[in-house]
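Asker: Each chain, written out:
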Amino acid sequence: MALVPIVAMVRKDLQLFFSDRRAVIMSFLVPIAIASFFGSIFSGPSRNVEPARIAVSIVDQDDSPISRRIVASAQADRNLKVTRRDEADARDAVRRGAIVVAVVVPKGFGEAAGNAFFSNGEKPPLGLFYDPSRAMELAMVRGVMTEHIMQAVSQEMFGGEQGRAQIEKALPEVQRSTMPDDQKRLLLEMLASVQKFYNRAPAPGDATPARGITMPYTVREEAVTAGSNVAYNGYAHSFAGMGIQFLLFAMANLGIEMLLERQKGLWKRLRSAPLSRVTVLTAKALSGTIISLMTLWVSFAFAMIVFRVRIEGSVPGFVGISLGVALMAASFGLLVAALGNTPASARGITTFAILIMVMLGGAWVPAFVFPAWLQQFTLIVPVRWAVDGFDAMTWRGIGISGAAMPAAVLVGFAGAFMLIAAMRFKWEEA
Amino acid sequence: MLTVKNLRRSFGPLVAVNDVSFSLADGQILGLLGPNGAGKTTTVSMVAGLLTADRGEVLIAGHRLAGDTDPAKRRIGLVPQDLALYDELTARDNLRFFGALYQLTGRSLDEAIARVLTLVGLEDRARDAVKTFSGGMKRRLNLAAGLLHNPDILLLDEPTVGVDPQSRNAIFENLEALKAEGKALLYTTHYMEEVERLADRIVIIDHGSVVADDTLTGLQSRVATAGGGAATLESVFLTLTGRSLRD
Chain F
1 MALVPIVAMV RKDLQLFFSD RRAVIMSFLV PIAIASFFGS IFSGPSRNVE PARIAVSIVD
61 QDDSPISRRI VASAQADRNL KVTRRDEADA RDAVRRGAIV VAVVVPKGFG EAAGNAFFSN
121 GEKPPLGLFY DPSRAMELAM VRGVMTEHIM QAVSQEMFGG EQGRAQIEKA LPEVQRSTMP
181 DDQKRLLLEM LASVQKFYNR APAPGDATPA RGITMPYTVR EEAVTAGSNV AYNGYAHSFA
241 GMGIQFLLFA MANLGIEMLL ERQKGLWKRL RSAPLSRVTV LTAKALSGTI ISLMTLWVSF
301 AFAMIVFRVR IEGSVPGFVG ISLGVALMAA SFGLLVAALG NTPASARGIT TFAILIMVML
361 GGAWVPAFVF PAWLQQFTLI VPVRWAVDGF DAMTWRGIGI SGAAMPAAVL VGFAGAFMLI
421 AAMRFKWEEA
Chain V
1 MLTVKNLRRS FGPLVAVNDV SFSLADGQIL GLLGPNGAGK TTTVSMVAGL LTADRGEVLI
61 AGHRLAGDTD PAKRRIGLVP QDLALYDELT ARDNLRFFGA LYQLTGRSLD EAIARVLTLV
121 GLEDRARDAV KTFSGGMKRR LNLAAGLLHN PDILLLDEPT VGVDPQSRNA IFENLEALKA
181 EGKALLYTTH YMEEVERLAD RIVIIDHGSV VADDTLTGLQ SRVATAGGGA ATLESVFLTL
241 TGRSLRD
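Order-wise, the sequence lines are chains F and V.
Just so you know, the first sequence maps onto residues 1 to 430 in the working numbering.
Just so you know, the second sequence maps onto residues 1 to 247 in the working numbering.
Be aware that a few hints might be false.
[To be verified] A few chain F residues that face chain V, going by a derived Cβ cut-off under 10 Å, partial list only: (1) Val-24; (2) Glu-87; (3) Ala-165; (4) Glu-168; (5) Glu-173; (6) Thr-279; (7) Thr-282.
[Claimed, not checked] Under the rule of at most 20 Å between Cα atoms (straight-line distance), these lysine to any residue pairs were calculated in the SDA-like manner: (8) F:Lys-264 / V:Leu-89; (9) V:Lys-131 / F:Lys-426; (10) F:Lys-264 / V:Gly-136; (11) F:Lys-426 / V:Gly-136; (12) F:Lys-169 / F:Gly-143; (13) F:Lys-264 / V:Leu-14; (14) F:Lys-426 / V:Asp-82; (15) F:Lys-169 / F:Leu-188; (16) V:Lys-131 / F:Ala-170; (17) F:Lys-123 / F:Arg-84; (18) F:Lys-264 / V:Gly-12; (19) F:Lys-426 / V:Val-163; (20) F:Lys-264 / V:Gly-121; (21) F:Lys-264 / V:Gly-67; (22) V:Lys-131 / F:Gln-263; (23) F:Lys-264 / V:Met-137; (24) V:Lys-131 / F:Lys-169; (25) F:Lys-426 / V:Gly-12; (26) V:Lys-5 / V:Gly-67; (27) F:Lys-426 / V:Asp-54; (28) F:Lys-426 / V:Ala-129; (29) F:Lys-264 / V:Tyr-86; (30) V:Lys-131 / F:Leu-191; (31) F:Lys-264 / V:Ala-129; (32) F:Lys-169 / F:Lys-184; (33) F:Lys-264 / V:Ser-10; (34) V:Lys-131 / F:Gln-15; (35) F:Lys-426 / V:Glu-158; (36) F:Lys-426 / F:Gly-265; (37) F:Lys-169 / F:Leu-191; (38) F:Lys-426 / V:Gly-135; (39) V:Lys-131 / F:Val-306; (40) V:Lys-179 / V:Thr-132.
To be clear, the hints were calculated from the coordinates, so they are not data collected in a lab.
Quick caveat, the model's predicted, so the values are computed rather than measured.
Beta carbons: idealized from backbone N, C-alpha and C, even for Gly.
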């Protein structure tokens with residue numbers, strides 16, 4: 001292989017790249033700007049920042065002791081930002097996107113819920129009006145409200161006036177029921193014990209409120225990252241994702257430039273020189289790899305300086321992933337040049353292909369939000385391996401072992417792309 | 001220096017070049033004439049090694065051209081019809097790149113660049129971006145890029161398209177100087193007066209085949225004129241290739 005022509009081709013490609021202001025902006029500034037934006041969204045709460053609360057309205061049409069307890073309990077929840085509205089206002093607020101969910105506690109809810117708590121009474125419906133674009137938050141609100149309602153109903157049933165009345169009413173009903181004697185006896189004993197609990201004389205100074213049913217555990221949360229003192233940094237993921245996206249665009253542009261070179265007759269000069277096809281492809285792959293590495297590392301350098309992204313895993317692993325990504329992207333550019341007929345047609349289909357790859361690869365949003373089948377399917381997308389590899393080397397803090405597989409797979413993709421490009425490239429010039 | 005023997009090349013059902021043969025000696029300019037689509041560029045592409053012939057052979061000083069990396073390709077310089085230059089780069093950077101494709105480096109490359117820029121009269125513009133050049137200057141630089149590695153054979157595919165008379169004349173003088181140095185020049189064009197001025201021999205090609213291979217005088221003698229004087233090359237050309245439109 002001839003070194004002098006390879007060096008000349010690489011130098012020429014770098015000169016052309018840096019002389020194209022649009023390409024430089026697209027490769028360096030735009031990914032930094034977009035990654036900063038996405039990073040700020042997906043960073044999650046840091047240790048000192050109040051978590052974002054879900055905006056919820058409660059429509060209390062019941063105004064019973066139980067419904068008032070529900071409202072008070074929800075208002076004290078650190079995950080919710082609760083407002084009170086009437087039903088029409090609440091619906092309108094959901095439709096406008098001002099709140100995520102409106103919880104409607106209908107008239108008679110407290111009494112019916114109390115009945116259903118101890119017997120087979122009809123369960124009252126709790127209304128939830130929700131914004132369909134925020135289904136994940138609906139699931140959270142449903143879970144949180146379940147806790148508050150169970151607590152409020154049980155508190156009332158084990159310590160409130162409604163509970164006393166309910167026991168008074170339930171005892172004769174159970175006595176008259178046709179249930180088996182052994183079950184009837186046990187239920188009567190339980191209700192009698194509860195009644196005894198209600199009727200006990202409170203000890204002097206006993207102001208402890210009835211507790212009812214509460215969560216039988218507390219939660220100790222710990223974000224598992226590179227280490228106990230290392231907070232998750234969403235910028236690490238967003239800079240990896242956006243860096244990969246824009247270097248793919250840069251490399252596709254390199255491929256399209258090759259098509260333009262062909263149109264301009266420049267390939268005639270290249271092909272009339274005594275150069276092998278391997279030399280030509282190697283030079284192009286090399287210049288693409290260098291530009292890709294610059295794009296990636298400039299982005300990450302910015303993220304490290306400004307957003308304190310750190311390589312918590314292995315530095316050689318990070319370099320290995322970077323090289324794999326750069327090779328894959330450069331060979332993708334060759335593929336564009338090999339399969340594209342004209343610059344215009346190649347540009348359209350390439351943009352589509354890149355957007356699909358980065359979307360499925362988890363470059364925009366982490367792949368864990370995908371359905372399980374899609375998470376498996378996206379393993380055939382090279383961007384997925386690249387993003388996972390960078391995540392492993394940055395905030396997950398996994399060592400060199402975490403880089404080996406993604407880097408190998410990326411090099412495999414690069415080899416496959418290069419092989420197809422070499423086979424499909426139109427080498428002859430009429 | 002250059003021998004083309006029975007070249008044939010087809011694209012699907014279309015036979016673009018069929019049994020084309022000619023030869024070109026050192027210090028000679030051969031004009032390759034033909035209507036649009038006659039097969040001139042396909043022939044030049046096969047001679048330059050850009051296209052593989054279905055049949056026939058190209059001999060460079062008796063050596064059969066074989067493969068992309070054949071060292072004999074160093075003896076060929078190609079000046080494509082297109083302005084095959086990087087507009088964003090300077091003239092010098094363009095020439096550095098094209099010279100390096102032929103393994104020229106260091107002082108030999110610098111000397112080659114200085115030589116060809118002087119030849120085409122662009123030494124003062126060496127550091128200017130090509131995008132600032134006029135059409136004629138680009139044509140001259142296009143010629144210079146094909147001469148960097150000092151080839152014995154120069155393939156010129158319509159090298160004067162779209163240039164003003166001054167630049168055209170300058171290019172002619174360059175070519176005549178190269179001929180005087182002993183270079184062999186294969187020159188394709190539509191312009192009859194260029195061939196009349198430059199060519200020692202003329203090959204007329206039509207529908208992919210050679211219809212005439214002779215000197216200007218020999219071709220003129222084939223066509224009788226009303227006044228008994230010499231026929232113009234254009235009338236000879238039209239007599240041999242017909243008057244029907246080709247595109």
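Asker: Hint by hint, note whether the structure agrees.
Answerer: Now for the hints, and whether the structure bears them out:
1. Val-24: Violated. Min distance 12 Å.
2. Glu-87: violated (66 Å)
3. Ala-165: Nearest chain V Cβ about 88 Å off; hint violated.
4. Glu-168: violated (93 Å)
5. Glu-173: Where the cut-off is 10 Å and the nearest Cβ of chain V is about 92 Å from Glu-173 of chain F, the hint is violated.
6. Thr-279: holds (8 Å)
7. Thr-282: This interface hint is violated because 13 Å lies over the 10 Å limit.
8. F:Lys-264 / V:Leu-89: Given pair Lys-264 of chain F, Leu-89 of chain V holds - Cα atoms ~15 Å apart, limit 20 Å.
9. V:Lys-131 / F:Lys-426: violated (28 Å)
10. F:Lys-264 / V:Gly-136: holds (17 Å)
11. F:Lys-426 / V:Gly-136: violated (31 Å)
12. F:Lys-169 / F:Gly-143: This hinted pair is violated, its Cα atoms lying about 31 Å apart.
13. F:Lys-264 / V:Leu-14: It is violated: about 24 Å lies between the C-alpha atoms, which goes past 20 Å.
14. F:Lys-426 / V:Asp-82: holds (18 Å)
15. F:Lys-169 / F:Leu-188: Given that 20 Å is the threshold and the Cα spacing comes to 12 Å, the pair holds.
16. V:Lys-131 / F:Ala-170: violated (95 Å)
17. F:Lys-123 / F:Arg-84: The hint is violated at about 24 Å.
18. F:Lys-264 / V:Gly-12: Measuring from Cα to Cα gives roughly 24 Å; hence the hint is violated.
19. F:Lys-426 / V:Val-163: violated (31 Å)
20. F:Lys-264 / V:Gly-121: violated (24 Å)
21. F:Lys-264 / V:Gly-67: violated (24 Å)
22. V:Lys-131 / F:Gln-263: holds (17 Å)
23. F:Lys-264 / V:Met-137: Given that 20 Å is the threshold and the Cα spacing comes to 17 Å, the pair holds.
24. V:Lys-131 / F:Lys-169: It is violated: about 97 Å lies between the C-alpha atoms, which goes past 20 Å.
25. F:Lys-426 / V:Gly-12: holds (15 Å)
26. V:Lys-5 / V:Gly-67: holds (17 Å)
27. F:Lys-426 / V:Asp-54: holds (17 Å)
28. F:Lys-426 / V:Ala-129: Violated, because 30 Å separates the two Cα atoms, which is more than 20 Å.
29. F:Lys-264 / V:Tyr-86: Judged against 20 Å, a Cα distance of about 9 Å means the pair holds.
30. V:Lys-131 / F:Leu-191: violated (95 Å)
31. F:Lys-264 / V:Ala-129: Distance of about 17 Å is within 20 Å: holds.
32. F:Lys-169 / F:Lys-184: Holds. Lys-169 of chain F to Lys-184 of chain F sits at ~15 Å (cutoff 20 Å).
33. F:Lys-264 / V:Ser-10: Violated: Lys-264 of chain F and Ser-10 of chain V sit about 23 Å apart, past 20 Å.
34. V:Lys-131 / F:Gln-15: Satisfied, since the Cα-Cα distance of roughly 15 Å is no more than 20 Å.
35. F:Lys-426 / V:Glu-158: violated (24 Å)
36. F:Lys-426 / F:Gly-265: Measuring from Cα to Cα gives roughly 14 Å; hence the hint holds.
37. F:Lys-169 / F:Leu-191: Roughly 11 Å between the alpha carbons, so the hint for Lys-169 of chain F and Leu-191 of chain F holds.
38. F:Lys-426 / V:Gly-135: violated (29 Å)
39. V:Lys-131 / F:Val-306: Violated, because 39 Å separates the two Cα atoms, which is more than 20 Å.
40. V:Lys-179 / V:Thr-132: violated (30 Å)
Against the hints set out earlier in the document, violations occur for numbers 1, 2, 3, 4, 5, 7, 9, 11, 12, 13, 16, 17, 18, 19, 20, 21, 24, 28, 30, 33, 35, 38, 39 and 40.
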